[in-house]
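Participant: Once you have looked at the hints, place chains V and A on chain Y.
Each chain, letter by letter, is given below.
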Amino acid sequence: MKSKFYSRLFLLPGLLLLIAIIIFPLLFTIRVSMAHWNVSHSGLDWAGGANWARMFHDANFWQSLFRLFYFSFITTSLQYVFGFAAALFAWKGIAARRFFRVLWLLPLMTTPSVIAIVWRSIFREDIGAANGLLALFGVHPVAWSTQILPATLTITIAEVWQWTPFMFLILLAGLLSLPKEQFLSAEIDGATPWRTFWSITFPLMAPISIGAIIIRLIEASKIFDSIFNLTSAGPGSSTETPAYYLYTRGLREFQISYGATLGLAYLILAILTLTILSQIFARVSKPRGL
Amino acid sequence: MKKLSKYLFIILWSIFVITPLSWALVTSFKPASAVNNGATFIPWLQFKPTLDGWKDITGVSGYANLFPALFNSATITFFSTLVSVTLGCMAAYGLSRFSYGWKHYKNPDIIFFFISQRIMPPAVLAVPFFILLKSLNLLDTKLGLVLVLTSGLMPIVVWLLVDFFNQLPKEIDEMAMLEGCNPFEAFVRSILPLSKPGLTVAGMFSIIFGWNDLFFALVLTFTKVQTLPVAVVALNGTVTPFWTLSASAIFSILPLVGLAFVVERFLSKGGFAGAVR
Amino acid sequence: MSLNLNQISVEGDSEVLLKDISFNFQPGKIYILIGRTTSGKTSLMRTIAGLLEPTAGEIHLGEVRLDEVPIWERGIAMVYQQFINYPQRTVLNNVEFPLLRAGVSKPEAKARALAMIEKVGLTDFIKRKPSQLSGGQQQRVAIARALVRNTPIILLDEPLMNLDYKLREQLREEFRVLFKGTKDSVTIYATTEPSEALFLGDELLVMHEGRIVQHGKPDFVFQNPSTIDVAQIVNDPPMSILDAELRDSKVSIGDLMHFVTPAHLKSQPDGIYKIGIRASEVVLGGSETNSAEGEVSLSEVSGSETLLYVKLNIGEVVLQLEGIHDYFIGQRVTVSLAPQRIFLFNMDGTLCAAPGN
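Protein chains in written order, with this note's numbering: chain Y, 1092 to 1381; chain V, 74 to 350; chain A, -1 to 355.
Same shape as in the complex, but just chain Y (with noise of 0.2 Å):
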């Protein structure tokens, strides 16, 4: 349909209104980032390519980001698995299924800044539950904030629990949406649950897990809140992921120019990866005739 006007009117004012508000952010960012704005010096001079040479050679800004690779990637997949898992039994055949959908479904209707207190308490070294009940196992206390692994394991715990949900709420809608007739006449072939599972329930719902995975990933690629709450990057900086990193340089430590350089990259390197991301996993969907 070519009516011009309208298919303007529906697009442009949300799109208009979007542009409008982040345009000057943008732009701010990529103008600041050639600049030298931080506590001593305020105000937008002058300074080319300096940032961003020291953006290559900053290792606290590329180990955040291998790290990040760990968080995002690991825990989406950890809660896509948790989340299809909670999902398939949620959908149809156990009891009670309408009090677990609505139990599974309250992490994510909690606040990730507030829960990541709750998580920092429970893994209070000293009177936190973790190690209490640890305790009453007979298990040694665990240094949850200031070993590396135990803190790195806090915040997967703090992450899946609060993100599966998310995962489990489309991929649920989605399962209710399939249609009925492949899995009757599966039924009627004698297929076992697994089976069905794997050459039916499955590449059904490739598209949106697709969809859920990339949307999740980009969100866990900004993952502060937790960090924030819980480890604050600790011990030392080995929970520090870009958001942080950025967080620290950019806003505690008032070095705007920087941070304005080090959130381009980062927002660079999540486009290229983003855009690879969907070649491959239209690649992969598409053999299977999807």
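To be clear, the hints were calculated from the coordinates, so they are not data collected in a lab.
For each residue, glycine too, the CB sits at the ideal point set by N, CA and C.
Hints are not guaranteed to be accurate.
[Stated by the list, open to error] These stretches of chain V come out as covered by chain Y in the derived footprint (C-beta under 8 Å, 3 or more residues): (1) 202 to 208; (2) 282 to 288; (3) 296 to 309.
[Claimed, not checked] Computed cross-link-like contacts, DSSO-like style, restricted to lysine-lysine with a CA-CA straight-line distance of at most 27 Å: (4) A:Lys125 / V:Lys269; (5) Y:Lys1183 / V:Lys76; (6) A:Lys117 / A:Lys17; (7) V:Lys243 / Y:Lys1095; (8) A:Lys17 / Y:Lys1095.
Facilitator: Leaving out everything else, chains V and A in the frame of chain Y:
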């Protein structure tokens, strides 16, 4: 064997889900002694429950009052969701029915543009947004925060609804137009009534992400406007007893718990059919 | 008001949908568009409706240049082959809707809607929603909605295609009656079924590969198809086409069948031609000279008839036999045809001579 592992998963996962919530709930009723001498779990058995934590956060004891923050969050979330869903569903409908092109950018690129708004970490956007709102005199105002949040929520709405609208037969729009509706009337009269599932999902995610925002509220509001997450985290910053913190955590979660029930009702009635694909 | 199409061409993404269509439609007549699925019937209708934009050409409705009027002001009613109704509205509201949009007052809209609903026989269902109706009923609602407005143009795109055989026959009868009330409108009906065309149409337009290849009264086109393509479109089951030679007042089909040139072909010059014969005019058996033996390649029961596809060494013929018969693949049968029922076509496919009636 399979059944066993199924029920094992269900039980373990449910316990996992409940853990932080029940811990916070129980702790919110603890007196000082129950907290400071090591972990305690069972009320009445291990300690005597008190309402101190709750009095602290509801203004009764004069320590803090979270109700104003609650109302702020509600108002701000409501308006950001309203704007995001309205403009977002229009944009999504446009992307579903028309093919836009500017130079060689087409519909998928536009959708990608929307989604990429979610990529930037808030830390980077905080300063420019700060400057932007300051120059518009919108710092520490509800309107300012609504605008900023909307820019983050609209992409989600568009992402969800484009797929949804693609599933509604175009013939219905065509029929409405042949019968005298211009495209906008066709949209409002014939497509929207059929879009309740999709709109509800979009609205739900908007509410969740809007209500739970911490970062922007933290940076862009100070004294006049305070949202609930900010208020709770502020409590955490000062020397606040654990029981009060726990009470504040539970308090801030309650409003959206109701949403969980609504969403479940919706799911079970098949409301999501075709909403997410 | 008459509808005039002048050199309408429509190009799609990768192919040309309509080529140079020019035609004048008169009000009060029922035009049947017949053609294969990709022939352009739907594209033509959608172009008239405004859902497709022509890359060239003009459309006029009376004095008005129609292709410059937006869809919602064109005054066109359309029935799709998928049953399209507003799912959220009751049957009554569905039929009232176009009237209300056109500015008719609520009471009058309701009255007219009820009258039309009665004409399609759905008075008992006015409170139901389309999802609670059967396929045939849903299509009736769509038809009622299309006819209730008395629009100058009424388009029906294979409306009966998704219905079962019995319903199709029934609704065809009802169409006859319903269309009597469309005196001021141009009614255009697309189908692939020749029987519908013969039954309903005042004028037939045969479409093939985006063009109108022949038009005229249905009977005439049926008896005088201008090309082999047209013959295949208006005949169901298809005509059998075989190579033949005319020489010395004799017709030879391959080396199997020979007979004296029938009367209607006598004036044709000697040479090689293609002949066509209807399936109902190929018979089993026959004498030595005008019959051929072949193998059954397919036997299909359709309704109360049997279609037999027989492979001869000169080509394949189709027979339409009354009653239900059992033939197996490979069975040897003898077929023959009546010379005076032969259609004669040039090698390029155009018609030379058609049998008299």
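Participant: Indicate, hint by hint, whether the structure satisfies it.
Facilitator: Here's how the hints hold up against the structure:
1. Figure legend: the stretch 202 to 208 of chain V, annotated as covered by chain Y; annotation consistent (3 residues with Cβ-Cβ distances under 8 Å, at least 3 required).
2. A stretch counts as covered by a chain when three or more of its residues have a beta carbon under 8 Å from one of that chain; for the stretch 282 to 288 of chain V and chain Y the count is 4, and the coverage holds.
3. Remark: the stretch 296 to 309 of chain V is confirmed as covered by chain Y, as 5 of its residues place a Cβ nearer than 8 Å to a Cβ of that chain, reaching the required three.
4. With a C-alpha separation of about 22 Å, the suggested pairing of A:Lys125 with V:Lys269 holds against the 27 Å cut-off.
5. Proposed proximity of Y:Lys1183 and V:Lys76 is supported: the alpha carbons are some 14 Å apart, at most 27 Å.
6. Proposed proximity of A:Lys117 and A:Lys17 is contradicted: the alpha carbons are some 38 Å apart, above 27 Å.
7. With a C-alpha separation of about 18 Å, the suggested pair V:Lys243 and Y:Lys1095 falls inside the 27 Å cut-off, and the hint holds.
8. Using a Cα cut-off of 27 Å, the hinted pair A:Lys17 and Y:Lys1095 holds, with the two alpha carbons roughly 26 Å apart.
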